[in-house]
Amino acid sequence: MSGRYSYLINGHLDGCLSSEEEFELNTWLKADEAHIVLFVESVQLHNRLREVVRPQMAIAPRNGRDNSTYPNTWGGGMRKKLVYAACVCLAFALFLGIYLIPTSRSAASELEKLIEKSTLRIDRTYVIRNLDEEPESEQENRPPIDQAKLYVRYPDQFVLERKQTDDKLFVTGCDGMRSWSAPPNRTVRVSKDLSRFRGGVPGNQQGIPFVDLQKDLQKIKEAYNLKLLAKNTKGWLGLHAEKKSQEYRGPAEVDLWYDSKTGLVYQMIFNGLPRARGGPRSVSVDLVELKQLPPDFFHHESHHESNRKVVEDD
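If you're matching positions, the sequence shown starts at 1 in the UniProt record's numbering and goes up one per residue.
Be a bit skeptical, because a hint or two may be false.
[Claimed, not checked] Ranges of calculated distance between the beta carbons of each label pair, as one might list FRET restraints:
| hint | residue 1 | residue 2 | range |
| --- | --- | --- | --- |
| 1 | Ala34 | Glu247 | 43 to 53 Å |
| 2 | Glu247 | Asn307 | 41 to 51 Å |
| 3 | Asn271 | Ser2 | 12 to 22 Å |
| 4 | Lys291 | Ala34 | 25 to 35 Å |
Derived by calculation from the structure, the hints in this document are not laboratory data. Don't be surprised by glycine CBs; every beta carbon is placed ideally from N, CA and C.
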């Protein structure tokens with residue numbers, strides 16, 4: 001057993017692990033039965049478990065006679081086996097009662113941390129990928145979302161760049177005061193309704209566009225059941241959210257992969273997106289860059305020629 005997991009076991013028994021460390025130990029235990037055996041052997045040496053086991057070690061007199069009158073068949077190796085078996089039972093009880101039950105509570109606390117840390121002041125750039133097996137069919141005014149770029153600035157500014165089959169960019173966005181749509185070679189439309197042109201952003205049609213991350217995480221807290229996922233190969237923690245009821249708007253499932261220390265969400269996966277207007281059922285939104293963009297980047301004027309016609313929709 002590595003020093004890391006020895007530290008986690010001892011820290012758990014001393015009650016001094018963080019929720020992330022508890023989850024790490026939980027994941028390690030569930031990964032292999034041999035890990036549970038190692039856990040048992042470590043627990044045997046710990047004072048707390050020895051205090052629980054000690055009553056099991058006492059052997060009651062039989063038929064009113066002292067145990068010393070019997071051969072020592074219950075001593076030595078037999079006693080060690082019984083104590084070990086008791087430890088195994090107790091360890092499994094600890095495993096089931098301590099590790100498996102608090103998972104939802106830990107997931108809720110992790111989501112709270114993400115909400116607290118979601119007001120990142122640096123601009124983020126994401127790439128959106130279609131996870132469905134079949135490719136999207138391009139529709140008028142609705143180019144494919146696969147390989148689109150999403151730029152986000154806290155709290156509610158965004159630019160979504162989608163590429164048409166002719167490689168021309170169809171750009172929509174919001175500068176915090178007005179939303180806008182700038183299709184190639186056509187009229188630019190502007191609206192005071194900040195959600196007017198969010199239709200292309202994954203999850204928007206069902207109420208979770210993840211442009212204002214803090215508000216959208218609050219929606220997940222209210223409308224979804226939560227479950228922690230084990231760390232992936234990149235060391236990110238995962239949070240799985242499944243919608244409680246069809247009464248709530250939002251994708252059927254959302255997976256968030258994030259750095260627990262910084263609260264930075266590196267990947268969002270949406271499953272069960274609406275298909276009434278076409279588009280994929282499942283997409284991923286992957287963080288590719290943290291970089292401060294020009295001050296006027298989220299204004300429509302930065303994304304089309306100056307001589308383009310602009311129309312107010314309001």
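Consistency of the hints with the structure:
1. Ala34 to Glu247: 43 to 53 Å: holds (45 Å)
2. Glu247 to Asn307: 41 to 51 Å: At 48 Å between Cβs, range holds.
3. Asn271 to Ser2: 12 to 22 Å: At 35 Å between Cβs, range violated.
4. Lys291 to Ala34: 25 to 35 Å: Violated, since Lys291 and Ala34 (Cβ atoms, about 45 Å apart) do not stay within the stated range.
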